[in-house]
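One line per chain: the protein sequences are G and D, in this order.
Each residue of the first sequence is one higher than the one before, counting from 1 in my numbering.
Each residue of the second sequence is one higher than the one before, counting from 348 in my numbering.
To be clear, the hints were calculated from the coordinates, so they are not data collected in a lab.
There may be inaccurate statements among the hints.
Stated by the list, open to error - Simulated crosslink set (DSBU-like; lysine-lysine; CA at most 35 Å straight-line):
no., chain 1, residue 1, chain 2, residue 2
1, D, LYS459, D, LYS443
2, D, LYS405, G, LYS264
3, G, LYS209, G, LYS194
4, G, LYS77, G, LYS150
5, G, LYS264, G, LYS332
6, G, LYS59, G, LYS150
7, D, LYS350, G, LYS209
8, G, LYS264, G, LYS194
9, G, LYS332, D, LYS443
10, G, LYS150, D, LYS443
11, D, LYS459, D, LYS350
12, G, LYS150, G, LYS250
13, G, LYS77, D, LYS459
14, D, LYS350, D, LYS443
15, G, LYS332, D, LYS405
16, D, LYS459, G, LYS150
17, G, LYS194, G, LYS150
18, G, LYS264, G, LYS250
19, G, LYS194, D, LYS443
20, G, LYS250, G, LYS209
21, G, LYS209, G, LYS77
22, G, LYS264, G, LYS186
23, G, LYS186, D, LYS405
24, G, LYS150, D, LYS350
25, D, LYS443, D, LYS405
26, G, LYS77, G, LYS52
27, G, LYS150, G, LYS332
28, G, LYS209, G, LYS264
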Amino acid sequence: MKIANDAGPISSRERFLEAIVQSAIDYAIISMDLDGLVTSWNEGAFNILGWKAEDMIGKPATIFFTQEDRESGIPQKEMTAALNRGRGSDERWHLRADGTMFWASGEMMALYASDEQIIGFIKILRDRTQERERAERERLLMHELGHRMKNTLSVVQAIVTQSLRNAVSLDDAAEKLQLRIAAYAKAHDILLQKDWVSATLADVVEATKMNIGLDGSTRILSSGPDIQLGPQAALSFSMVFHELLTNASKYGALSNAQGRVEVKWNVERRDDVETLVACWREIDGPPIPSAEPDRKGFGSRLIVSSLQAFGEANISYRPEGLTLLAELPLSKIQVQNDLSAIDKSSP
Amino acid sequence: MRKVLVVEDEVLIRLTLVDALHEAGFDVVDTGSADDALEIMNEQTIHLLFTDIQLPGKLTGVDLAQMVAERFPDAGIIVASGRIRPTGADLPTGAKFFAKPYRFDQIIASLKAMSRR
Numbered sequence: 001m002k003i004a005n006d007a008g009p010i011s012s013r014e015r016f017l018e019a020i021v022q023s024a025i026d027y028a029i030i031s032m033d034l035d036g037l038v039t040s041w042n043e044g045a046f047n048i049l050g051w052k053a054e055d056m057i058g059k060p061a062t063i064f065f066t067q068e069d070r071e072s073g074i075p076q077k078e079m080t081a082a083l084n085r086g087r088g089s090d091e092r093w094h095l096r097a098d099g100t101m102f103w104a105s106g107e108m109m110a111l112y113a114s115d116e117q118i119i120g121f122i123k124i125l126r127d128r129t130q131e132r133e134r135a136e137r138e139r140l141l142m143h144e145l146g147h148r149m150k151n152t153l154s155v156v157q158a159i160v161t162q163s164l165r166n167a168v169s170l171d172d173a174a175e176k177l178q179l180r181i182a183a184y185a186k187a188h189d190i191l192l193q194k195d196w197v198s199a200t201l202a203d204v205v206e207a208t209k210m211n212i213g214l215d216g217s218t219r220i221l222s223s224g225p226d227i228q229l230g231p232q233a234a235l236s237f238s239m240v241f242h243e244l245l246t247n248a249s250k251y252g253a254l255s256n257a258q259g260r261v262e263v264k265w266n267v268e269r270r271d272d273v274e275t276l277v278a279c280w281r282e283i284d285g286p287p288i289p290s291a292e293p294d295r296k297g298f299g300s301r302l303i304v305s306s307l308q309a310f311g312e313a314n315i316s317y318r319p320e321g322l323t324l325l326a327e328l329p330l331s332k333i334q335v336q337n338d339l340s341a342i343d344k345s346s347p
Numbered sequence: 348m349r350k351v352l353v354v355e356d357e358v359l360i361r362l363t364l365v366d367a368l369h370e371a372g373f374d375v376v377d378t379g380s381a382d383d384a385l386e387i388m389n390e391q392t393i394h395l396l397f398t399d400i401q402l403p404g405k406l407t408g409v410d411l412a413q414m415v416a417e418r419f420p421d422a423g424i425i426v427a428s429g430r431i432r433p434t435g436a437d438l439p440t441g442a443k444f445f446a447k448p449y450r451f452d453q454i455i456a457s458l459k460a461m462s463r464r
């Protein structure tokens, strides 16, 4: 450790104390005289602040304070607190030799000689930048989770309201309610497996099939390349496929013995935009008696409105079966949200 | 009939509110984005606005509320959010805020009260 005016023989006790100070490499330990000029500068101070001891001895310790703090007289206030109360602790931004800033937690104490006279100050500080950033990420995460929870409760509230409104009996309401909430929960499961960043379209289709006991069914043929969906699109698609599958099972192609459903998707360029083109087609189901029989039903409105939030979507009710065609720009279905941005910023 | 513009990007919530408003006798137009809402405002007279604050695109529901208040000074306005609680100064005079999850019947009652003003 470099000490100003270092002269004379060093006792073994002084060497021992110096070794302790030098070993504290995660702590900057800096002593100053009563004018605030540096009198010693340990290895930790070099590690954290970047200036070498020989460059700092005799220089004002104010150098690692920000210009704003220097202009506000913060270094002098710290020394005054140390003189008046024996010590003063502080957390604030400091400067490194390369000009970068770090968040420091430090303490300034009066330095006493053997005759109890105050001969200067000692400042001990730690770099707490990572802890501060972690705390900020946690704060943002909690805020976002709170928002997400309230939004999810609002969606569940809407599911309950709609399921009760459109039910023919209490049992029908209970079934619709449970399956819709389960479909929504399954979409959350898939997203959580990928840190709430994305889910593939194929995963969403499979999870929806599983939710109503149609996993492994050979009557539902799905095919298409891997398409990543952002969180909002994954949640929307889950509800869309749930309504389509439920409707097909009760009234459409899966309600008789020979009908089947084809779900195909691909990426095509539409007006120079990469676009997901997806088609749901019901084949060999009971003939649909009239065009657009259920266009105003909640399920149909939910399907079309959910998809139209991302692009174009149309349902046609041909006699041979229901067909849904959607053309959705990838840039819209792959939008990330605040929560995934927080996750990505984690070290 | 009083016309309500509903702006909410969560489709399930929007459809449910739209159904409740229809049942209460309102004429309803709805959309999931502020940009679409601006187009609707340019083509139709809006008497009442219900908008979420977080919306896709650059404009927020608060921005939209200010625009509606400027264009239709007598319009009743409700903004809602699960994330942000705006201060009174952020909202147009007379606008009400509801935190999510809100009760649909309270939204209807507030819009009815606003439409009687």
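task: Taking the numbered hints from earlier one at a time, note which ones the structure violates and give those numbers from smallest to largest.
output: 4, 6, 7, 13, 19 and 21
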